[in-house]
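Going down the list, the protein sequences come from chains A and B. Quick note: the first sequence, position 106, residue 106 per the working numbering, numbers continuous. Quick note: the second sequence, position 202, residue 1202 per the working numbering, numbers continuous.
You may find that some hints are simply not true.
Stated by the list, open to error - Straight-line C-alpha distance at most 27 Å; calculated DSSO-like pairs for lysine-lysine:
{"id": "1", "chain 1": "B", "residue 1": "K1275", "chain 2": "A", "residue 2": "K24"}
{"id": "2", "chain 1": "B", "residue 1": "K1081", "chain 2": "A", "residue 2": "K3"}
{"id": "3", "chain 1": "B", "residue 1": "K1275", "chain 2": "A", "residue 2": "K249"}
{"id": "4", "chain 1": "B", "residue 1": "K1184", "chain 2": "A", "residue 2": "K3"}
{"id": "5", "chain 1": "A", "residue 1": "K225", "chain 2": "A", "residue 2": "K265"}
{"id": "6", "chain 1": "B", "residue 1": "K1184", "chain 2": "A", "residue 2": "K31"}
{"id": "7", "chain 1": "A", "residue 1": "K211", "chain 2": "B", "residue 2": "K1305"}
{"id": "8", "chain 1": "A", "residue 1": "K211", "chain 2": "B", "residue 2": "K1292"}
{"id": "9", "chain 1": "A", "residue 1": "K179", "chain 2": "A", "residue 2": "K137"}
{"id": "10", "chain 1": "B", "residue 1": "K1358", "chain 2": "A", "residue 2": "K249"}
Calculated directly from the structure, the hints in this document are not laboratory data.
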Amino acid sequence: MKKNIYRPIEAVIEDVITETPAIKTFVLRPKEDFSFRTGQFVEMTVPGVGEGPFTPSSNPKIKDRFDLTVMNVGCITSKLHKMKPGESLGIRGPYGKGYPLDTFKGKDILIVGGGVGLAPLRSLLFSLFNDIDDYNKVVLRCGARTPNDIVYKNVIPEWAKTKKTDIVISVDVGEPSWKGKVGLVTTILNDLPVNLKNAVGIVCGPPIMMKFVTLKLLDLGFKPKDIYLSMEKNMSCGLGKCGHCRVGKFYACKDGPVFTYEELKDIHDIWD
Amino acid sequence: MDTYFLKQEDLPRFYERISQNFELFVPVKVESSFKVKCEYGFSLPTEDYLLKKYPEANKEEIVFNEYRSVEPVRAFFTHFKEDICSYFKGNGGLEEKPVAICGVKNCDLFALKILDYVFLGGNEEDPAYKARRENALIVASDCTAFKEVCFCRAFEIDPFACEGFDFNLSPISNGYLLDVATKKAKLIGDSMMDMLTPASFGQLSGRSAKRDSVVSRIDEHLEYHKIPKKEALQDIVVSGFNSPVWNEQMKTCVECGGCIFICDTCHCFLLFDEKEGENAKRMRVWDGCLLKNFSTVAGGANPLKSRYMRLRNRYMKKFDFFVSNLGFQGCCGCGRCIDVCPGKIDIRYILRKLYEEKHIPSN
């Protein structure tokens, strides 16, 4: 039988972890061979409902299962959030190019995440931790609306114990029990412990957050070629055929979803 | 490539022979509501041609189409709405009778180059498109006339084909010249040698003269429209990003999607899922960037929220994206979008405006 590029493979939900009131992590066990590189995305199908693009949030080194951390915002994700362990989803992919880890070696790596944008960044962090000796330093700065909206909040303190790793979280709106920083994520980007001459900045979050973080990083002295952005587009096929995710002369699905700001800077309306 | 003479009265036998192995589509003439009048005195035909299933067509209504049909040729290779697969089991793949399409014009063949790039290029081939494309028999033919909206020659696409087909028919006195271009065509040609005679020198030069005459008439017609040359297209759409023409032209858009669905080179589609009982299946339906929610993401944000942005996006795709990625524009000059638009939005006018804004700034 000929391979059908639009047909998903089956993956069974093994566990569901509630991260925040709106965000859950689904642990999936694919029934066929599946692996991904960090930053690549999959098309995830809720059977009979539809599919959408999501980036795995787990360590790519784990081969028999992977995680998707998903916010409940639309038609597919609201159905997904009602699903339970034992039920099946569909998976196509992985698609896209992912993060160029080789380029990051020997450098200070600044990672800036916003909200559920931390999902693909968690996979990146795990990948960096796998070979932490290859990198100079890992600096994570992440923002969330309120302390309740911080994904992975129970495990972040564990990550902070990894050598060469520095983590700060800020929330837009605090609450009495919150002892951390308060303010937009751009306010915790001053006095970064990174050597700008040998650093890359990796940003993932809502478009408005990526815009202001990018401007801030440029202001701090990061070069456009050293800023990596994840473009949020409505990839339908994942293969560069359906036309939905065009960004200038690129397709986000095939040429991205991770782009350098150098590649995007002359394209109109990239933050919309 | 071999060229033969086929007598007028033998054309039905040619069709009959093809229909033995293929689902054959043939041109029939229809009165159409698409009537773009010529404003400056050229007398141009306003009838249209449809490609009809051969067994369903009355033999008397089958004609030689003088110019391209109403439907875009891509409709034979990706269907408007189709089952694409079931999951997680079943679906033995595609079993379709191969199609033979008569009356395909050179604009359509140009469009197929773009569709081939989309569906056969890149990391993966689209299985349904590939099967249909490989199995299809394309019987192209020369244009002997043109509609007001035809503008192929503006992009140096000729109204006759020299490649990209299996057979090509060129009308000459008392019959047709038949080019046999591929192995697939030769197999059929070999089986009907009784009706074919090698083309004479006189017949071939007669065809050249006819072709030249159509070319010069289109060129004369296009002088009126002042469409920028293909080399200028990318430059003018990129520099015209903030042009007032997008807003001005969008005032009459009713968002019907006619332009994108009748377009020979538009290829965008949407995958969606349906559930019937226990079996879920995946469907593919044509989509296009003139439709409101083409680029809406799950959270509700829409990068193309206004109509003028969507119109502009279509031009950016055709004249910037494709020029960058494929080396030529994603438009074949068939003019179908002009024909179909109830708001009289005219691609020729927009391109001319963009060119003038860049090169002939008004004071």
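Hint by hint, here is what the structure shows:
About 25 Å separates the Cα atoms of K1275(B) and K24(A), which keeps this hinted pair within 27 Å; it holds. Proposed proximity of K1081(B) and K3(A) is supported: the alpha carbons are some 21 Å apart, at most 27 Å. A threshold of 27 Å between alpha carbons decides the hint, and for K1275(B) with K249(A) the separation of about 36 Å lies outside it, so the pair is violated. At roughly 26 Å between alpha-carbon atoms, K1184(B) and K3(A) fall within 27 Å of each other, so this suggested pair holds.
Between the alpha carbons of K225(A) and K265(A) the distance comes to roughly 10 Å, so the proposed pair stays at or under 27 Å and holds. As the CA atoms of K1184(B) and K31(A) are separated by approximately 42 Å, the hinted pair breaks the 27 Å bound. Simply put, K211(A) and K1305(B) have alpha-carbon atoms about 19 Å apart, close enough for the 27 Å limit, and the pair holds. For the suggested pair K211(A) and K1292(B), the alpha carbons sit about 25 Å apart, so the restraint of at most 27 Å is met.
At most 27 Å may separate the alpha-carbon atoms for a hinted pair to count; K179(A) and K137(A) meet this at roughly 25 Å. Taking the CA atoms of K1358(B) and K249(A), the gap is about 22 Å. The hint holds against a cut of 27 Å.
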